[in-house]
Amino acid sequence: MTLILTDEEVALADSVRKFVADRSPLTSLRQLIASGEPFDAGVWKQMTAQLGLAGLTIPESYGGAGAGYSALSVALTELGAGLVASPLLGCLLAAEAVLRLGDDTAKQGLLPNIAAGELIVTLAVASSAGGQVTASGAGDGTVLTGTVSPVLNGAEADVLLVPADGADGKAIYLVQGGADGLARTRLTAVDHSRSLARITLAGTPARALAGDAAAALAAAADLANLALAAESAGAMKACLDMTSGYARIRVAFGQPIGAFQAVKHRLADMEKSFELGYAALRDAARAGDEKPGDFPVAASVARVLLASAYAEAAVDTVQLHGGIGFTWEHDAHLYYKNGLSNKVLLGGPGEQLDRLADALGI
Amino acid sequence: MSDDFRARARAWLAANAPRRAAGDDEAEAESRGQAAVIAEHKAFQAKLHAAGFAGITWPREYGGQGLTSAEQIIWSQESAGYDLPTGVFFIGLSMPGNTLVELGTDAQKRRYLPKMLSGEEIWCQLFSEPGAGSDVASLQTSAVRDGDEWVLNGEKVWTSGAQYSDFGAILARTDPTKPKHNGISMFIVDMHAPGVTVRPLKVATGHSPFNEVFFDNVRLPAGALIGEENKGWDAAVVMLRHERIAIGTMGSSRTSPLAFSTLRDLAAGLGKTADQGVRRELAELYARSRAVQLFALLLREETQAGRLPGARGSVAKLAGSDLGRFAGNVAADVLGDQLAAFDTDELAAVSTAIVAAPGSAIAGGTSEIQRNIIGERVLGLAKDPGVDRATPFNQLRVGTQREQ
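Going down the list, the sequences are from chains A and U.
Just so you know, we're using my numbering here: the first sequence kicks off at 1 and counts up by one.
Just so you know, we're using my numbering here: the second sequence kicks off at 1001 and counts up by one.
Keep in mind the hints are simulated off the structure, nothing from the lab.
Where is the CB? At the ideal position from N, CA and C, for every residue including glycine.
Check each hint, because a few of them may be wrong.
[Unchecked claim] Some chain U residues judged to face chain A by a derived CB distance under 10 Å, without partners named:
1. ASP1166
2. PRO1200
3. GLN1276
4. ARG1290
5. GLN1293
6. ALA1319
7. LEU1379
Just chain A, with the same shape it has in the complex (with noise of 0.2 Å):
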């Protein structure tokens, strides 16, 4: 495999953007902030019926597409291009865990529903400050207690894996979207396609899975760099496409604001961090299906690489279109504030370079 994308890749990307640009542009963002949904559900459904994208990496005999991390990668990239606001990434990090754990009846009950869409399920992990949730009991009489924030899609999830220490060490759990004792927050999010939520849960009831939860939670851990690295690689070409485009056509002092080399070297520094991070992106997903040895320090660098670029491009967006990137009505914020989540959702650039430090040895 090469780093450079396959036919098949190529044309997995254009089906994706062609529906992002029907179904998901930037003003149906703007009316889920108005209506205050986190998600509109019927694109949702079509992502994940329509162009299973939930179950990607899923295996076939799970109902998924037994499509690789690359394919993935690929997908990714045009919806973060596009900010298209879903519980994707949730379900992702919750399907990767499972299948990692290998609980048969989780496997089978929730992989063929979050591949269909039919299902809500997600990973209730954050930065490593994000809250402790400890289990107690055992068999039908387990509990959990703690609390875990911020958690993706925590108040919309049907099942939320939680991960918890019981006397026999971390594992993870299973709860029911509707469990007595669980609370769930919706909190403020920063970046208007996310929706997060608090989660408290006070002797609720769950069921322990089956599997090593350690490595289970690594490789969602990876797997979660790998999607925001994509993500971010995509939003971070849209923020470079939107601004040389403006510096194209905007027009000060009788040249195009191009022109200016205070404006011109600005977004050639934003090409070279956007090359060098797609780079380490494709090398990502390259080593994620092709060896899984090197996948987590791979991942890494992308993210570590792609969510400071990525959040630096935004905010010189805004700076570069002047006033009018300031404005509300300008979608330059929405970037903005994405980038800014991005850079710390599950860890931020310090947490992920510690993490990066252990394995190159440091």
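For chain A, the structure is supplied; the task is to place chain U on it using the hints.
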């Protein structure tokens, strides 16, 4: 075919190019003597050529292998783990050589390309002048016609390898009454000709990796012109494109004093890896270095797939320079106050590399010029207005102008 080539390349490299730690070429030249280094490089280049691995994409009639960029990429991949002792030919082959392949006459190609490939003749590139750096089109070295020949006068600077080169590709002004880009021609100059003087140029590190070259009534024979008269700027653009691609895709040595693995080990040796700030900086250095390598690989894959990198070579050049600067900062943090004063060779090597780091953002086109190229040719932004573009050269002010 390609698999065959790969197997052949792999076997030849394993048998003939033992892996060795890359030395600092300048330091190596100073300790072993330059003549010994050149003799070794010439002998190795000859061997490489005899084995069929020099000039992989160049036509067979000019000593090349007549193969495609696919084989070139295979060769790059297979040879990446080796430090081939061919450094003195790097500039000649990648810049004047590739330019001659594109623009040279049949006679020029037959005369010069085979000896370049076989390691018999070393070439340099003579563009920059004391008064013409980023604005190289404002160069003042002149070539005046005298019958079939030209007479060359002027001064070039930052010329790598001039002291041991046999030939150079030089830009000179052939018509000062035309606007600056339209009165330049490119020539082949014999570096051993009467009137050529080469002086080492000592740089900030204390080494002399470059030269100043003076031309005093040097006669250029008929047949020395590369491309057309007064179309030298077009030829320069071709050569600069090859230069950016060569620099952008050559990758960095893993054994450089500023490489991630070197600095990680140095930090461990100095007991600095417990410091969270240093750990994070080293991790970020790994990420940035990896991305620069991967982008070069991506460009090579695109080239192989028939999509030429074009001006995106400038992205690679800029990224490499930025990385060097970042690595220099990380190295400085690893050293702490041992950057200020030291008494070991290991620390001296790191210190020299830190001092040298800004040079890569100037050599081969400054980072500012790369940003112009990226902005204009990759992103399609408006060109710099270029207030001097239409003025005859002999009415322009060029170089450093002090108050009278």
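Hints violated by the structure (numbers, ascending): Hint check: 1 and 2 fail, others pass.
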